[in-house]
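Student: Take each chain as given, in its own frame, and dock them per the hints.
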Amino acid sequence: MYGVSQEQLEKIDTVLTDELLSIGVHNVIVIDTAGNTISQLDRGECSCDVASFAALAAGNFAAVDAMAKLVGEEEFSLHFHRGESESIHFSRVNEDLLLITIFGNDVSLGFLRLKTVEVIDRIREIWSK
Amino acid sequence: MGFINVKKKEVQIKVVYYGPGRGGKTTNLEYINEKFRERIKTEMVSIKTHGDRTLFFDFLPVDIGKIHGFDIKIQLYTVPGQVKYNATRKLVLKGVDGIVFVADMQKERRESNIKALEQMRENLFSHNKDMLKIPLVMQYNKCDLKDEGIELLSFEEMEQDLNQELKAPTFEASAVTGYNVVTTLKKMISGTMIAFRKELQ
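Protein chains in written order, with numbering that gives the first Met the number 0: chain A, 0 to 128; chain B, 0 to 200.
Chain B extracted, bound-state conformation (with noise of 0.2 Å):
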């Protein structure tokens, strides 16, 4: 849950990118890393196994500037995505605010995605969340793969499969190129922007 402190004026809000493993999310964080660079005042934060993959969370603090005379810091997390590490998945949503759902579009990682959108569902509601209720957003990610003759799903087999109940906003993305990995984050902010502003009234 995010932390408004009236007295540095000041907005702490945290935002989990959540998915299957090897989906693209610690690439997001990356992406916005090296975009942002002179806005993010400390390094990123990285728990990774020998083989590179995310053990317990990324972590990347950025400032968007001011809103209502406060600073709006947004902390982005991911989770790792690996299947044996749910309990940490568990951990890392502790009072989350609003999820980047990072889906893989290759085609052989369709039960992947489905099967992690459900356990968001459940890890959420050990949270008391409900996963309709959070602001979330949908990234279909690795759509450069078509140019490499990787076989993917269509965006209308992608929203059939993850966002029929959601109808969340939804954008294709390539987080290596980094097209659409601001878009996604931009959107995001702005569906956690309202909840504040409904906060302060």
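Isolated chain A, as found in the complex (with noise of 0.2 Å):
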């Protein structure tokens, strides 16, 4: 069992507000990979059940890295699902914790990728301190 202080999980709580809920992103989670929630927050529209999601999420994103192992490669970059009005973008953070983002039509996947460098660079230093 782990855990991290209130304050790191508050600085990463500002970062995805800052950073992903302002662009127009619906939902926003930080998992570990055995699938726990370590942060989500969303604009109010979220009604998908939390814990389900992140246990899939890092069933798929194991199961992704493992293919990605078996054809060759370290990892493949992208992980995303495009729907009909919601898509899904996965990034790893670093070796523990994976980064989900849920979004409209109304968000450009490009400036999302790069938003996400962003925050991905923050949390790595918040969670190693």
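Some hints here could point you the wrong way.
Said to hold, decoys possible - Listed next, the in silico DSSO-like pairs over lysine-lysine satisfying Cα-Cα at most 27 Å (straight line):
#1 B/K132 to B/K166
#2 B/K6 to A/K114
#3 B/K185 to B/K128
#4 A/K128 to B/K93
#5 B/K93 to A/K68
#6 B/K114 to B/K166
#7 A/K10 to B/K7
#8 B/K128 to B/K34
#9 B/K40 to B/K65
#10 A/K68 to B/K89
#11 B/K6 to A/K10
#12 A/K128 to B/K6
#13 B/K7 to B/K47
#14 B/K106 to B/K145
#15 B/K93 to B/K166
#16 B/K83 to B/K93
#17 A/K114 to A/K10
#18 B/K65 to B/K185
#19 B/K72 to B/K83
#20 B/K145 to B/K185
#21 B/K128 to A/K68
#22 B/K197 to B/K128
#23 B/K40 to B/K8
#24 B/K40 to B/K132
#25 B/K128 to A/K128
#26 B/K83 to A/K68
#27 B/K197 to A/K128
#28 A/K10 to B/K72
#29 B/K114 to B/K145
#30 A/K68 to B/K72
#31 B/K185 to A/K128
#32 B/K106 to A/K10
#33 A/K128 to B/K7
#34 B/K8 to B/K197
Keep in mind the hints are simulated off the structure, nothing from the lab.
Tutor: Quick look at the structure:
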């Protein structure tokens, strides 16, 4: 079992709010690779079951990672599912954490990817402390 | 590895039901889902094959109330039991806090139980975990089949095959009827709670 400080969790929430919710992302979730939810924020429109989502996302990410290794890749850098009105983007933050964003058609994938790179750097820094 | 969220005052604990194929892992979760419906806020997630066998895992989050002011959320997973899905079993074991090993008491399943336990030891080892050190409960399932004239292994034989080294708490159970399903879960929860208390101290 492990934990991080309240200050670290608050800093992560601030980064997610300022950098991702502010550009129109509907829901952002930070999970660990075991499927635990570390942080979850939304714009009040989220009706999804976060615990189940985190478990499935961790499993999905691990399965895709294992597939990458089977074809000789270290990892697949882009995990993205496009839906009609909601899309999901997955990124690895570090060895322990994954960042998942759920967003609508009003957010461009390119801009989101730029933003997530920035967010990942900042979460890594917060987590390492 | 369970996560203690000091901000939300919440603890998430991962318990995996592991064992040979068709041993009753999913049936355990289905019974718990039905029995504790009022405590479970969401639907049970099952990723199944067309033949209704577990393909990836089943997932059921159960809130068990507060300990030391923390909301305890137990996240129950099963692994797919079929031999060919070992890569998936390994993935599901990542970060596990406690294991319920569901063994099948039918005589013809003896080898499968032993092989599954051995493979679990290897899979845990690949995550740098020692099977002998992780909270584990043994469940000898399908004891109800005795009444249907099916040849079962005795409790002693099961112990000798699977629990000599582990010396884990053990229950004979029937996941179909619910017999000892909740007792198994309670024992598992108390095992992981001891680890949580140690962590808090």
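Student: Take the C-alpha atoms of A/K10 and B/K72, compute the straight-line distance between them, and say whether it is at most 27 Å.
Tutor: holds, 24 Å
Student: What's the verdict on A/K128 and B/K93, does the C-alpha distance respect the 27 Å limit or exceed it?
Tutor: holds, 24 Å
Student: Going straight from one Cα to the other, do B/K114 and B/K145 come out at no more than 27 Å?
Tutor: Holds: B/K114 and B/K145 sit about 23 Å apart, inside 27 Å.
Student: Take a quick look at whether A/K128 and B/K6 sit within 27 Å of each other, Cα to Cα.
Tutor: At roughly 17 Å apart (the allowed maximum being 27 Å), B/K6 and A/K128 satisfy the hint.
Student: So if I understand the rule, the pair passes when the alpha-carbon distance is 27 Å or less; does A/K128 with B/K7 pass?
Tutor: Holds: A/K128 and B/K7 sit about 20 Å apart, inside 27 Å.
Student: Just to be careful, I want the Cα atoms of B/K128 and A/K128 compared with a cutoff of 27 Å; is the pair within it?
Tutor: holds, 25 Å
Student: Regarding the pair B/K6 and A/K114, is the alpha-carbon distance no greater than 27 Å?
Tutor: holds, 25 Å
Student: With a cut-off of 27 Å on the C-alpha distance, tell me whether B/K132 and B/K166 pass.
Tutor: holds, 11 Å
Student: Is it true that the CA of B/K106 sits at most 27 Å from the CA of A/K10?
Tutor: violated, 56 Å
Student: Given the hinted pair B/K197 and B/K128, is their alpha-carbon gap at most 27 Å?
Tutor: holds, 18 Å
Student: Need the status of pair B/K6, A/K10: alpha-carbon distance at most 27 Å?
Tutor: Roughly 11 Å separates the two Cα atoms, so the pair holds.
Student: Take a quick look at whether B/K40 and B/K132 sit within 27 Å of each other, Cα to Cα.
Tutor: It is violated: about 32 Å lies between the C-alpha atoms, which goes past 27 Å.
In summary, the numbered hints that this structure violates are 8, 13, 19, 24, 30, 31, 32.
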